[in-house]
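*Asks:* Whenever a hint applies, use it, and build me the whole structure from the sequences.
Chains A and B are the protein sequences, given in the same order. Oh and the first sequence: position 365 is 365 in this note's numbering, straight run, nothing missing. Oh and the second sequence: position 195 is 195 in this note's numbering, straight run, nothing missing.
Careful, some of the hints might be misleading.
[Stated by the list, open to error] Just a few of them, taken from the derived set where beta-carbon distance is under 7 Å, the chain A residues facing chain B:
#1 ALA144
#2 TYR145
#3 PRO152
#4 THR164
#5 GLU168
#6 GLY173
#7 GLY284
#8 PRO286
#9 ARG287
#10 ALA290
#11 ALA337
#12 ARG340
#13 LEU381
#14 LYS382
#15 LEU387
[Unchecked claim] Facing chain A, a subset of chain B residues (Cβ under 7 Å, in silico):
#16 CYS71
#17 LEU75
#18 GLY76
#19 PRO81
#20 HIS84
#21 ARG167
#22 GLU168
#23 GLY339
#24 GLY343
#25 LEU381
#26 LYS382
#27 PRO384
[Claimed, not checked] Covered stretches of chain A (chain B as the covering partner; in silico rule of three or more C-beta atoms under 8 Å from a C-beta of chain B):
#28 80 to 92
#29 103 to 112
Keep in mind the hints are simulated off the structure, nothing from the lab. Cβ coordinates follow ideal geometry from the N, Cα and C atoms, glycine included.
There are 2 protein chains.
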Amino acid sequence: MRSRLSHLECAACGRTLNADALQTLCPECGLVLFARYDMASLRRAHRDELSARKGRMWRWFEALPVLDPNCVVSLGEGATPLLHAERIGERIGAPRLFTKDESGNPTGSFKARGLSVAVSKAKELGARSLTIPTAGNAGGALAAYAARAGIPADVFMPIDAPITMRREAAYYGARLHLVEGSIADAGQAARKAAGETGAFDVSTLKEPYRVEGKKTMGIELAEQFGWELPDAVVYPTGGGTGIVGMWKAFEEMEALGWIGAKRPKMIVVQAEGCAPIVRAYEEGEPRADAWENPQTNAPGLRVPSAVGDFLILNAVRESGGCAVAVSEEAIAEAEQAMGRYEGVCAAPEGAAALAGYLQLTDNGVIERRESVVVFNTGSGLKIPERLK
Amino acid sequence: MRSRLSHLECAACGRTLNADALQTLCPECGLVLFARYDMASLRRAHRDELSARKGRMWRWFEALPVLDPNCVVSLGEGATPLLHAERIGERIGAPRLFTKDESGNPTGSFKARGLSVAVSKAKELGARSLTIPTAGNAGGALAAYAARAGIPADVFMPIDAPITMRREAAYYGARLHLVEGSIADAGQAARKAAGETGAFDVSTLKEPYRVEGKKTMGIELAEQFGWELPDAVVYPTGGGTGIVGMWKAFEEMEALGWIGAKRPKMIVVQAEGCAPIVRAYEEGEPRADAWENPQTNAPGLRVPSAVGDFLILNAVRESGGCAVAVSEEAIAEAEQAMGRYEGVCAAPEGAAALAGYLQLTDNGVIERRESVVVFNTGSGLKIPERLK
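*Replies:* This is how it looks when you write it as structure tokens:
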């Protein structure tokens, strides 16, 4: 197994950087760095051979950025099930509705993928301590992988984050800092602390490797659909690394000949009380202004601004998708439907995605005969007060 | 894919029964029924072909009891990671210590395996409603699979079960009945209700198919160790289906030529405040008397008597294993170690297993150089008040 990582490249201005040291944002324009691979060489690692390997996310080692397999910090993340949402589908006449259920990941959310890669790469590049701002789930994931790697971690979380998430991060031995406000305020506190202590900040898309973990959701989607892709992907969007990672995966897989040119419509779902990407989408803007006074009971959607906004909006538009906001009531109803009809314990963010799908089929924007994957990004068990 | 299910056989008196109708306990002696397979035919389903299939637990379809693949009710259970417990191992000089981490199963525990099979088979055999007594996790699992199958479920749970587990079962739409006392009292209430309503009771080992799901933990262990088996398996034991199922798997796999004659020492861990199997093991008894006034903070270990006691004790003795009780303090310490050093969010039962392992290496009963698998049977996220 040999990673074909080649270099880093700014996704906005195109500047290239060496991948042999810790990097954050583009030193030129301050935007997002992407890992780039030697595609000619990667083409020799055959898709079906990688797919047939035992293991989960790290089956795709050649297309991931860690060079030394001994640096991989894994808890068994990825390779999550694609579940046919048969009973909800029957109720609305949608026979090809699926849930990609990320709740069985270590630490109970899709955040495990990105943080397994980011912590592994940080370990390889010699980071001595790590820090993260989080709405909740990413903090638990960082804390778990950092514990496994033996690297100290500082987690900055809103003081009103769900109690299970607060306790989880501390349980893994991270230093937990509770912050007044939203994840944006936690981000400021994390940056300040990192400046003082020299800790490496693994904020979403502010370092190049979390998105590489999220990329594997896109690879798995293709794999699970027999190397085609569904007609639409409905994704609850806070920081947006999931959308950005999947879009990157599709591009890389096409370049490798793993898939053809077909892309799913990429559909962003946000909460009505915090919908910066939806607003920018509707207004035709290339970037999204920060959302004032973000309010939603879905912690992962309470993200007022995203450094990767331009990449999210680009994926939505290029794919012919859209961005839609849903109400708290619709989220709660969809949450119940996931439990009652599918046996899936949905996180509120996953429920929001289902609510978005239902809204778009009602409007006729998505047709019911289309094959659609709704992402449940985490486990509802982490917010038991919502289980009704 | 064709299941090689042949008939049912009493594990105690050997009486055989037809497998084409719902069955509970042996009508002759009142003990445990096992599913039996046409082994000559099953031998033609090659181990490596099954292992190479996509999917998880249901890769072993031929060796599982559901005849019609359309009756399979699955949420993506099984194929859980085997994690090297490297940092705990380093601290105590044990280089081959592993955790089989069941926490990523649907509903956050190993109970998903057994209930996926039991609900699938009950669906195939036409059960109209299901009922279960539970310490907590099995109730959530039954509720989820029953929801997915569209079969009503009644869950009987001690009134002091962890709140996340109570809410979870209700969330999936099961009728939740809270009962004063332990799982034994919940069992009485469930039986009474089943007698009145005709619901099918899926109590541990009181129907023949949950154990078939647990069997897959034994198959996976062999698969993950390259079709050999580790030197010892340390298992937290309440009703004991895990031990019984793995032992059955080893016997079947040897008969099929999948593995050789080597067996791991099967090691039962219970809590000091509820250790009926440990007491029977120490006293040389073939069965275990019910434990009076069971007390432990590990809900899954608060099981005062097990209908499969004779099977558990048999596996422990035949394998040269042992049974050991651990204190609540040792459980809490091991729980912290799993988080701090391994990044695994251990259920208290899984922590008890680690505590048992540590006690036995201290005593020299297990040698530190031996390859040992400690089962973490569930996610600590379901009892957030324990996360410290």
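*Asks:* Out of the numbered hints, which ones does the structure contradict?
*Replies:* 3, 7, 8, 9, 10, 11, 16 and 20
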